[in-house]
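Given only the sequences and the hints, what does the whole structure look like? Please build it.
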Amino acid sequence: MLVKSKGFSNKDLARFRELQKRSFGILETMAANLTAGQTEKEVTHVLVRAYRDAGATGFFHLPVALFGGRAALPGDWSLGKFFPKSNALTSGDSVILDAAPLFDGYLVDTSYSFCFGENDIHRTMMHDLGTFRPLVCDAVNAGATFKEIADRVLGEFDTMGYEPAHTKHPGAVLGHRAVKTAKMPFKWRINGFDGLSLSWFGLKDKMAMSGIGRRSPLWNSSKASAHKPHDGLWLVEPHAGRGNVGAKWEDILVIERGKAYWLDDNVPHVRQWGQIAAGESYAPIPPAMASS
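Here the numbering used here is used: position 162 in the sequence shown is 1358, and no number is missing along the way.
Read the hints as simulated data drawn from the structure, not as lab findings. One or more of the hints may lead you astray.
Straight line, CA to CA, 25 Å or less: simulated DSS-like cross-link-like pairs of lysine-lysine [to be verified]:
no., residue 1, residue 2
1, K1424, K1281
2, K1217, K1200
3, K1343, K1200
4, K1202, K1343
5, K1207, K1376
6, K1364, K1424
7, K1424, K1376
Listed next, with one range per pair, are the computed distances between beta-carbon atoms [claimed, not checked]:
no., residue 1, residue 2, range
8, G1233, T1355, 23 to 31 Å
9, K1202, G1276, 28 to 36 Å
10, A1422, D1316, 33 to 41 Å
11, K1200, K1455, 17 to 25 Å
12, P1330, T1231, 14 to 22 Å
13, W1273, M1356, 39 to 47 Å
14, A1228, D1334, 29 to 37 Å
15, A1422, E1314, 39 to 47 Å
By construction, the Cβ of each residue, glycine as well, lies at the ideal position given by its N, Cα and C atoms.
Structure below.
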């Protein structure tokens, strides 16, 4: 099997949890060390090196850094706009750091959001995004279809007055599968991305959209998601935008025999929601300092 998407062992789940934590640690360390004037290009170059040093063998997508208004994915957003620009970080900017590394075939995808300085709109947005973690999990356990859940999230965003920026992600996804790829005797790259996982995602989604099977690796509001949730690991990533402010979170939801739970509750955004609720700063702290 070139790509495994379900039936993971407890050992596999522990490995995914460990690697997700490693990826979050890299993003949070980068966030804690950002300085005014740094550009998105400079930050993503540092992130690529940090992931390589941490053992990443490839990327489902390369690290992303979005500063200021770009974190909200404004206007007619295309895939090319995710690539880093030369705009510099300034006080009050929204910041989204996102990376999807592969470690020996294990694909994890993580996002870290905060505000570089004070911004009440961003604080409220981050707090509001916290409602979607229990909402998504509870909806799966109540028997809702993937499409119904994606549509409900869109409705909640509309009520909150936010643009659902995740609909501008490739595939307009609320989420997508986390997978484990086979070890290949060669490195297959497509424009810097891991060729095996990228091709598998594209082929499986096209088959589902054509009515050949119902196993799309993408979770969105399309007809290919009008089914009960498939077992496996799902990377859920609600992304909000309003004006020049944007925020998101992303981590792994486990679905086994139709029932869902989050792989790890000790993730940065959960800690941030607790800090916001307590009226505290939710600015990044290097993981080593946070655990000391």
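Hints breached by this structure = The structure conflicts with hints 1, 8, 12, 13, although it agrees with all the remaining ones.
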